[in-house]
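Okay, here's what each chain looks like letter by letter:
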Amino acid sequence: MSRSDVLVDAEWVESNLDAPALVLVEVDEDVSAYDKGHIRGAVKIDWKTELQDPVRRDFVDKTGFEELLSRKGIANDDLVILYGGNNNWFAAYAYWYFKLYGHDKVKLLDGGRKKWELDSRELVEDVPSRPATQYKAKEQDLTIRAFRDEVVDAISTKNLIDVRSPDEFSGKLLAPAHLPQEQAQRAGHVPTARSIPWSKAANDDGTFKSDEELRKIYSDAGVDLSKSTIAYCRIGERSSHTWFALRELLGLPDVKNYDGSWTEYGSLVGVPIELGEPK
Amino acid sequence: MTQGCAAPAQTASLPATVDLANEAVIQGTVTRAGAPVSSAYARLLDSTGEFTAEVVTGDEGVFRFFAADGDWTVRVLAAGGVSVDSTVTAKTGEVAALEVAI
Numbered sequence: 001m002s003r004s005d006v007l008v009d010a011e012w013v014e015s016n017l018d019a020p021a022l023v024l025v026e027v028d029e030d031v032s033a034y035d036k037g038h039i040r041g042a043v044k045i046d047w048k049t050e051l052q053d054p055v056r057r058d059f060v061d062k063t064g065f066e067e068l069l070s071r072k073g074i075a076n077d078d079l080v081i082l083y084g085g086n087n088n089w090f091a092a093y094a095y096w097y098f099k100l101y102g103h104d105k106v107k108l109l110d111g112g113r114k115k116w117e118l119d120s121r122e123l124v125e126d127v128p129s130r131p132a133t134q135y136k137a138k139e140q141d142l143t144i145r146a147f148r149d150e151v152v153d154a155i156s157t158k159n160l161i162d163v164r165s166p167d168e169f170s171g172k173l174l175a176p177a178h179l180p181q182e183q184a185q186r187a188g189h190v191p192t193a194r195s196i197p198w199s200k201a202a203n204d205d206g207t208f209k210s211d212e213e214l215r216k217i218y219s220d221a222g223v224d225l226s227k228s229t230i231a232y233c234r235i236g237e238r239s240s241h242t243w244f245a246l247r248e249l250l251g252l253p254d255v256k257n258y259d260g261s262w263t264e265y266g267s268l269v270g271v272p273i274e275l276g277e278p279k
Numbered sequence: 001m002t003q004g005c006a007a008p009a010q011t012a013s014l015p016a017t018v019d020l021a022n023e024a025v026i027q028g029t030v031t032r033a034g035a036p037v038s039s040a041y042a043r044l045l046d047s048t049g050e051f052t053a054e055v056v057t058g059d060e061g062v063f064r065f066f067a068a069d070g071d072w073t074v075r076v077l078a079a080g081g082v083s084v085d086s087t088v089t090a091k092t093g094e095v096a097a098l099e100v101a102i
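In order, the protein sequence lines correspond to chains A and B.
Counting in the numbering used here, the first sequence runs from 1 upward without gaps.
Counting in the numbering used here, the second sequence runs from 1 upward without gaps.
No lab work stands behind these hints, which were simulated from the structure alone.
Check each hint, because a few of them may be wrong.
[Unchecked claim] Restraint ranges, calculated between C-beta atoms of paired labels, are given here: (1) A:VAL269 - B:ILE102: 23 to 33 Å; (2) A:ASP254 - B:GLY49: 38 to 48 Å; (3) A:VAL127 - B:SER13: 25 to 35 Å; (4) A:ARG186 - B:ALA79: 22 to 32 Å; (5) B:PRO36 - A:PRO253: 45 to 55 Å.
A virtual CB, placed ideally from N, CA and C, is assigned to each residue, including glycine.
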């Protein structure tokens, strides 16, 4: 797999805005950004109200995903280009999610909304109307999703990558520093996890670093690129970004995202937790 | 429902749900020729220069972080290749205020 199979740049998007069978999708948790202006033709997906189950802590199920994509006017054969704010965290999460439900023709806009804005490219307020489709999803591909017991079993055996900020890793902070810190769970990290913040994989403008730079970052931090890997963060979207870098850009064969992440692990009774700086 | 990871609205006054006694707040305003700049990107870097958080300024040009005690750098990015660094010290129970002119 090469970079152009999974990633497009802003220029490419600008010149393909009117291409047939191409759907731009902006994914955010706070969709007010979309409402104020988005890339022409883009539909929005609300991470919180449309991708999460409203009652249980889980994703919408297969039927829910089919209904969502049908309603958005996305067909099984469409090429979906995802982008969003927060350095593409939620777009990367949605990318992982599209792959989980078997949509193969999906790519990320490199740098997301930030790069587009910093380049002063056009944003519009018109909301497109797309005719509904009959989308059919596949069963979840669990080769890319890790659950809690697998994470405990991975201690000392697989690569565990904690992609939160260094202060969340050490236990000094419980959430990213743009959020208030009061949380129910214990602070710290999974023993034997490497601290490699998601941001190491991105440039200031939100674009991904080159394959050579990425390979060096993870190897230098002690990740054995020939071994199986599980990435986690707080709720699973920053780790989707790292999952994308490792599996989609570097092409590592066995990389899973642990979407339960620290809000689940840090609340489990009896599991090992380590505090302090990376070793 | 699990709280997500997106930044809350960047307003000038501290959200009512936040108890400042437990938070080390870093807050500031981005201005250009005296006027507030919305849609600028404020990045919080720790004392080693490592990225910690990022928010987009709101209509009043405001950004806010909930940091930990210590020294931090705020890097402001805006269209036209603007990148301005400011250093700040945060302390629990206080709001460390910054003015960033770009």
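Going down the list of hints, with the structure as the test:
{"no.": "1", "hint": "A:VAL269 - B:ILE102: 23 to 33 Å", "in the structure": "violated (49 Å)"}
{"no.": "2", "hint": "A:ASP254 - B:GLY49: 38 to 48 Å", "in the structure": "violated (32 Å)"}
{"no.": "3", "hint": "A:VAL127 - B:SER13: 25 to 35 Å", "in the structure": "holds (31 Å)"}
{"no.": "4", "hint": "A:ARG186 - B:ALA79: 22 to 32 Å", "in the structure": "violated (42 Å)"}
{"no.": "5", "hint": "B:PRO36 - A:PRO253: 45 to 55 Å", "in the structure": "holds (49 Å)"}
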